[in-house]
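J.: Next come the chains, spelled out residue by residue.
2 protein chains.
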Amino acid sequence: MSKGRLFIISGPSGSGKDTLLVELFKIHPELKFSISSITRDIRDNEKPGEKYDFISREQFENMISKDELLEYNVFVGNYYGTPKAPVVSAIENGEDIIVEVDVNGASQIRMKMPEAVSVFILPPSFDTLKKRLLNRGTESEDRIKARLECALAEIGRADEYDYAIVNDDLQKAVKDLSDIISVDRLRVNRNQTLINSILENVR
Amino acid sequence: MSKGRLFIISGPSGSGKDTLLVELFKIHPELKFSISSITRDIRDNEKPGEKYDFISREQFENMISKDELLEYNVFVGNYYGTPKAPVVSAIENGEDIIVEVDVNGASQIRMKMPEAVSVFILPPSFDTLKKRLLNRGTESEDRIKARLECALAEIGRADEYDYAIVNDDLQKAVKDLSDIISVDRLRVNRNQTLINSILENVR
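In order, the protein sequence lines correspond to chains A and B.
Counting from 1, one number per residue, gives the positions in the first sequence under the working numbering.
Counting from 1, one number per residue, gives the positions in the second sequence under the working numbering.
The hints are all genuine.
Note that identical chains are pooled: a pair holds if it fits in a single copy or bridges any two copies.
Derived DSS-like pairs: lysine-lysine, alpha-carbon spacing no greater than 30 Å straight-line:
1) K172 with K3
2) K172 with K32
3) K32 with K175
4) K175 with K3
5) K175 with K26
These are calculated hints, taken from the structure and not from any lab test.
Only chain A is shown next, with the shape it has when bound in the complex (with noise of 0.2 Å):
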C-alpha cells in the first residue's frame, strides 16, 4: 500500500483559514485531522480531543524530551505543539492529514518531513485584511494593529510553502484546496502498487 501525505496548512487571522478547513473537511470526509497537544486551559467553547488535546506542562516536557513532537511553540507562557505520533500512523496507513500550525511551525515540520506539501492561505488584498480583522470588532485597536503586523510578517514567508491559495471566494478557495489534496493523490509514488499490477499480469 503506499503512503499518505501531510498537508501543512497556514495563514494568517484573517485569511479565513478556520472557515476554509471545516469546508474542506465536508469534501474530503476522509481526511485526517492533527490534534495538537496544548498546556492552556481549556475555554468554554472547547471540547477536549476535538482541535486540542489538553495536557499538563509535565506531559508536555515529557513529550519534548522523547522527542516526541513534529513541531512546538511557546505562547503566552503556554506549550503549543503537534504530536508525531498519529501523523506517523495515518501516513503509514496510506491516509492523508492535515496539521494547522504557523510559519514557524510549518517550518519545524518541514525539517522532520520534508516530503510533506504545504499550502499558505491568504486573504486576497492588505485592505481586506484589514477589514476582517476589524470586523471582529471585539479587540482593541493596539491588539488589531499587532494582528495585523503579524500577519504581515507570516505572509512574508508565505515563498516558503509549496502552494498559494487566495481566499476570496470561499467556494474556489475550498476548490483549490480540495484539488491541491486530489493531485497529490496522483503522484507516481502513491500509484505505483497500480503500476506494478499491470506489469505483474505479463509474466
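Let chain A serve as the given structure and place chain B on it in line with the hints.
T.: Chain B in isolation, oriented as in the chain A frame:
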C-alpha cells in the same frame, strides 16, 4: 510576471493519450502545444504545422548542431524532435505548454528543464491495453505483439514521472490532467507577484 510551465505528457499506444489531449485542450484553450519537427514525409491526413513541422534532414541536423532541440530521436531512419525556442518563449510569457513525447524524449527534456512537470498516462489494466491494441484491427499479430512489448517497456519507466493518470473513464482522466495543470498554477513561485502586492500595500 511569473513564468509558465512545461508539461510533459507520455503514454504507450493503447493508453488513449491522444483523445485525452484533445479533450484537455477543450477545457484549457489557453494551453500551448509544442509542435514537433520531423523529417519523415507528410501523410494524407496530416497538415503541416498542426502536430508536426515537416523539415529536411539538413535543417534537422543543423538544429542538432546548434543545440536548438529539447530532445530528439531517430525512428525508422527519420528524425523526430522538440524545438527549444517555442517552449522557452511560452514559459517566459507566463504560458503553459504541453509536449507529447515518449519516455526517452521525456528523460532528455527533464535533464534540460528539471522544473518541467511530467505526467504518464496508464491503461487501466494489461487486459484493456491488449484489447485496445487488438481493436485497431489494422495491424498484423506480430506488429501488435511488438507494440504491446513496447508499451510494457514504457510503463516500466512510469516511475520517472511526477504523476500517473489511469485512463479508464475518459472524463475522469481528463479532469485529473486538467487539475494537475490548474493546481500547478497555485505554486507559490507562480504567485510571488500577488504575495508582494499584498505586502507592498502597507508601505
